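Please work from the sequences and hints to get the whole structure.
Here the protein sequences come in this chain order: A and B. Residue numbers 1 to 336, in my numbering, belong to the letters of the first sequence in order. Residue numbers 1 to 582, in my numbering, belong to the letters of the second sequence in order.
FYI, nobody ran anything at the bench for these hints, they're computed from the structure. Where hints are given, some of them may not hold.
What the hints assert, rightly or not - The calculated lysine-lysine pairs, modelled on DSS-like cross-linking and capped at a C-alpha distance of 25 Å, are:
#1 B:Lys386 to A:Lys119
#2 A:Lys84 to A:Lys60
#3 A:Lys86 to A:Lys241
#4 A:Lys60 to A:Lys22
#5 B:Lys192 to A:Lys8
#6 A:Lys8 to A:Lys241
#7 A:Lys8 to A:Lys86
#8 B:Lys386 to A:Lys208
#9 A:Lys60 to A:Lys244
Note that this is a predicted model, so its numbers are computed, not measured.
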Amino acid sequence: MSSSKPRKPFPFTAIVGQDEMKQAILIAAVDPSVGGVLVFGDRGTGKSTAVRALAGLLPKMTVIADSPYNLAPEATTAKKSSQKVKQVSVPVVDMPLGATEDRVVGALDLERALAHGEKAFEPGLLAKANRGFLYIDEVNLLEDHLVDLLLDVAASGENLVEREGLSVRHPARFVLVGSGNPEEGELRPQLLDRFGVSVDVRTPREMKDRIEIIRRRDDYERDPAAFCRRWARREGAVRRKIAKARELLGEMQVPESVLEIAATLCVGLGTDGLRGELTLVRAARASAALAGRSEVTPDDVRDVAQLALRHRLRRDPLDDTDASVRVARALETLDA
Amino acid sequence: MSGLRATTAEYAALALSVVAAAGPDLNGVWLRSQAGPARQRWLEILREMAGSQPWQRVPASADEDRLLGGLDLGATLNSGRPVLMKGLLAESNGGFLELRMAERQSAAAISAICATLDSESLRLERDGFSREFTVRCCVVACDEARGDDDPLDSRLADRLGLVVSLDTLSARAIGSALLPVSADEATSLWQKVAVDETAIAEWQRIAEALAIRSPRAVLSAMTVARVLAALHGRHSLNDQDVLDAAALCLIARVPGALEQLQSPPQEAESPPEAENVPPEETASDGEDTGADSGGRRPDEVAAATAAVLPDQLLAGLVSEQSRAARQKAGGNASASMEGGARGKPMPSRSGMPTGGKRLDVLATLKTAAPWQRVRGGEPGRLRIVKSDLRIRKFTEQTRTTTIFVVDASGSAAVQRLGETKGAIELLLAECYVRRDQVALVAFRGAQAELLLPATRSLVRAKRALSALPGGGGTPLASGLRLATQVADGALKRGETPVLVLLSDGRGNITLDGEPDPALATEQALAVATEIAARGYTALSIDTGRRASARGRKLADAMGARYLALPFADATQVTDAVREVAA
Numbered sequence: 001m002s003s004s005k006p007r008k009p010f011p012f013t014a015i016v017g018q019d020e021m022k023q024a025i026l027i028a029a030v031d032p033s034v035g036g037v038l039v040f041g042d043r044g045t046g047k048s049t050a051v052r053a054l055a056g057l058l059p060k061m062t063v064i065a066d067s068p069y070n071l072a073p074e075a076t077t078a079k080k081s082s083q084k085v086k087q088v089s090v091p092v093v094d095m096p097l098g099a100t101e102d103r104v105v106g107a108l109d110l111e112r113a114l115a116h117g118e119k120a121f122e123p124g125l126l127a128k129a130n131r132g133f134l135y136i137d138e139v140n141l142l143e144d145h146l147v148d149l150l151l152d153v154a155a156s157g158e159n160l161v162e163r164e165g166l167s168v169r170h171p172a173r174f175v176l177v178g179s180g181n182p183e184e185g186e187l188r189p190q191l192l193d194r195f196g197v198s199v200d201v202r203t204p205r206e207m208k209d210r211i212e213i214i215r216r217r218d219d220y221e222r223d224p225a226a227f228c229r230r231w232a233r234r235e236g237a238v239r240r241k242i243a244k245a246r247e248l249l250g251e252m253q254v255p256e257s258v259l260e261i262a263a264t265l266c267v268g269l270g271t272d273g274l275r276g277e278l279t280l281v282r283a284a285r286a287s288a289a290l291a292g293r294s295e296v297t298p299d300d301v302r303d304v305a306q307l308a309l310r311h312r313l314r315r316d317p318l319d320d321t322d323a324s325v326r327v328a329r330a331l332e333t334l335d336a
Numbered sequence: 001m002s003g004l005r006a007t008t009a010e011y012a013a014l015a016l017s018v019v020a021a022a023g024p025d026l027n028g029v030w031l032r033s034q035a036g037p038a039r040q041r042w043l044e045i046l047r048e049m050a051g052s053q054p055w056q057r058v059p060a061s062a063d064e065d066r067l068l069g070g071l072d073l074g075a076t077l078n079s080g081r082p083v084l085m086k087g088l089l090a091e092s093n094g095g096f097l098e099l100r101m102a103e104r105q106s107a108a109a110i111s112a113i114c115a116t117l118d119s120e121s122l123r124l125e126r127d128g129f130s131r132e133f134t135v136r137c138c139v140v141a142c143d144e145a146r147g148d149d150d151p152l153d154s155r156l157a158d159r160l161g162l163v164v165s166l167d168t169l170s171a172r173a174i175g176s177a178l179l180p181v182s183a184d185e186a187t188s189l190w191q192k193v194a195v196d197e198t199a200i201a202e203w204q205r206i207a208e209a210l211a212i213r214s215p216r217a218v219l220s221a222m223t224v225a226r227v228l229a230a231l232h233g234r235h236s237l238n239d240q241d242v243l244d245a246a247a248l249c250l251i252a253r254v255p256g257a258l259e260q261l262q263s264p265p266q267e268a269e270s271p272p273e274a275e276n277v278p279p280e281e282t283a284s285d286g287e288d289t290g291a292d293s294g295g296r297r298p299d300e301v302a303a304a305t306a307a308v309l310p311d312q313l314l315a316g317l318v319s320e321q322s323r324a325a326r327q328k329a330g331g332n333a334s335a336s337m338e339g340g341a342r343g344k345p346m347p348s349r350s351g352m353p354t355g356g357k358r359l360d361v362l363a364t365l366k367t368a369a370p371w372q373r374v375r376g377g378e379p380g381r382l383r384i385v386k387s388d389l390r391i392r393k394f395t396e397q398t399r400t401t402t403i404f405v406v407d408a409s410g411s412a413a414v415q416r417l418g419e420t421k422g423a424i425e426l427l428l429a430e431c432y433v434r435r436d437q438v439a440l441v442a443f444r445g446a447q448a449e450l451l452l453p454a455t456r457s458l459v460r461a462k463r464a465l466s467a468l469p470g471g472g473g474t475p476l477a478s479g480l481r482l483a484t485q486v487a488d489g490a491l492k493r494g495e496t497p498v499l500v501l502l503s504d505g506r507g508n509i510t511l512d513g514e515p516d517p518a519l520a521t522e523q524a525l526a527v528a529t530e531i532a533a534r535g536y537t538a539l540s541i542d543t544g545r546r547a548s549a550r551g552r553k554l555a556d557a558m559g560a561r562y563l564a565l566p567f568a569d570a571t572q573v574t575d576a577v578r579e580v581a582a
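What follows is the structure, given as structure tokens:
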């Protein structure tokens, strides 16, 4: 009845349907500056599965060996030649809901303090997630004080620790990925706004899809390793697609027409501030790169408009219309 | 012959064998039963079957430290360095985790359990420890919720593969099923049992009919059917396995459904709204046809299930199910908000216990514990320094639950409901940060109905409001009485109830549902007086064409602020509510 190791996560490509969710995650993987993914929706739709599968898709990154913050070699200026570097997987850090604050921000390393009398900093989850992803399942249930803390760090890109006589500052740039079920409580608007793109996931309606979900899940449960082997080729293809898209991103052309469309859309929908527009263009760039192109087209903007804008609309309590519908309408006006 | 089994005892017995054979693969069992001899017996048998596997019990009072693990204070003091105490969850690896009063476990505990079930590992990030434990366990969730209690957290309920109800059984009826293959042997055999698409489609169809949307339930049905086949020494499923699995994993999810389906159809309650149901087949007919055709092909199972699940009954069950789901989510929302509402302390932080901040003794001891040897503390004498001090703050404000009591009778109902709807959504939209809640009681026809249990989810509110019916008599007293009960419930949860009545004050239906304007008015005033006696903050908005003495009298009896708003719009209502609640 007991198994030895934690099993391999369910492959990303084996998730049935949910194309929008997959696209959103890939966009964030290609361009972290898009700023986080929020996946909200029905139970049992593979929200957590998709995020946990992400680690397997990301190209490795170079870090200074034994850097607790996953620092890149170019990040430190001095003694460049003597630095030892290594290739590691991009961290996808899972933040459990019961995590205590000391483990999130980091705290005094008790072991070292006691054994050697040293005042050393033991990095927390924010340090682990630097240059990677921080995943919070049920983000809508997270304790307020942790939410505030995360918002603060996400905004500044660095973690400032002042506790137990320690004063530490370290980079903490991560892509925040949150998931949850809106029926259990909604997300504070401030937090909502922090996410670059958002996805609504629904249980597939098609019987064929639903049966396929059960089939694959069952195959996986019976023999995770064999199942992952069967999907290895498809996983590899996505991994290469991400790597190529990242290269393309550097030389991406953004024509004036694309910027215009983005601006028109945002004005039409009355999204607050420039953040929506910026995210829209960035997401469109990443989407074009994923399609293997080096120029953004107006269609790229249309493709990602829902992802980038639907959670930014100002809520009008007297207007029942779903945010997605409002974005769709704005898109139609654009075409007219 | 395949069909539903005649008694719940048979399912309880089958469930025992299935859980013993494949508990962790099913995540566990949702044991819906009051504490009593039947449940005790069922658990005893399971424990016997579990043999030497670990069995951890989690009382409802267990705190996060005990469940997840954390710093072991005693051992840390003794050894002079931080010692980890493993939690019950980690200790249950390879065995069982019995959740006592599962419906009362905190949202945080449920979250941790769900995450552990999903990943088969427990990530611990607490008290300076960062560890990961492999945990594969079978959760036995003892759910004693009944009536108005908050039901089991739907996140956990959704993950538990089997559902067993024992309330109608006596302890003597509980026993294990005599099956050709033992549970231990079946553990290694069941994964080899083949399942064809038709069976999956069949479960899928039943799940859809019962409004079970999550694919997890069907996945469990598949596992359970396999285990059942293995327990019978077979390598493929037969119709009975398919149906048994459907009963244990799908039908049993809807409270009372199995019992109803097992009893003759005329006893099954048929909801009044299902009128045009073709009266072709009833449950007993279906079972009869099952009896005379011996070896049926799997696609015939579809027909058989359709027969045992008459449309009419389904309609009733589905509405019951969705009602249960509504309430369930409500329970969650309030449970997860506990931190704010019950004055439950916020997590400890370092600081000085001054001005309203209280010392968190345990957290302070924990902080100081590892240092004792270095500081030269002796047994029985702790050395505590200023930086050890931990305080806990309590959230300042209690949550407000605004209960709208809406007159949905008569011709003006539609418009009034529109206004209320707008007001509710306005309130909710600005409630996020304060985490206030809104509930909605509507009355019309013969009685009052709780359309929206206290929630702060705009999504849920919108759903409930979009289906708001109007028209009929005015059972004002019933509406007020139900609202009082909702307010009592809110108060019990540590929230501050605020009642908002929207009516023209012309009650004409008595508490018993009889049309009698004089008595109805008298009763309404009586209930209003009760509200005043409880001291609930109340606002009475008169939606009649002009301000009336009757409306004012009712408001006075209720101790409510009176407001005549013949053309109340949502903003006005919201402003008024905000004012009284402040």
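Given the hint that Lys60 of chain A pairs with Lys22 of chain A, test it: the Cα-Cα distance must not exceed 25 Å. 20 Å, holds
Between Lys8 of chain A and Lys86 of chain A, does the CA-CA distance stay at or below 25 Å? This hinted pair holds, its Cα atoms lying about 23 Å apart.
Restraint status (C-alpha distance of Lys60 of chain A to Lys244 of chain A at most 25 Å): Holds. Lys60 of chain A to Lys244 of chain A sits at ~13 Å (cutoff 25 Å).
Would the hint linking Lys84 of chain A and Lys60 of chain A be met if the CA-CA limit is 25 Å? 16 Å, holds
Is the hinted pair Lys8 of chain A and Lys241 of chain A satisfied, with a Cα-Cα distance of at most 25 Å? Within the cut-off at roughly 22 Å; holds.
Keeping to a limit of 25 Å between CA atoms, is the pair of Lys86 of chain A and Lys241 of chain A held or broken? It holds: about 23 Å lies between the C-alpha atoms, which stays within 25 Å.
Check whether the Cα positions of Lys386 of chain B and Lys208 of chain A lie no farther apart than 25 Å. It is violated: about 64 Å lies between the C-alpha atoms, which goes past 25 Å.
Are the Cα positions of Lys386 of chain B and Lys119 of chain A separated by 25 Å at most? Satisfied, since the Cα-Cα distance of roughly 17 Å is no more than 25 Å.
Given the hinted pair Lys192 of chain B and Lys8 of chain A, is their alpha-carbon gap at most 25 Å? Given that 25 Å is the threshold and the Cα spacing comes to 21 Å, the pair holds.
Checked against the numbered hints given earlier, this structure breaks only hint 8.
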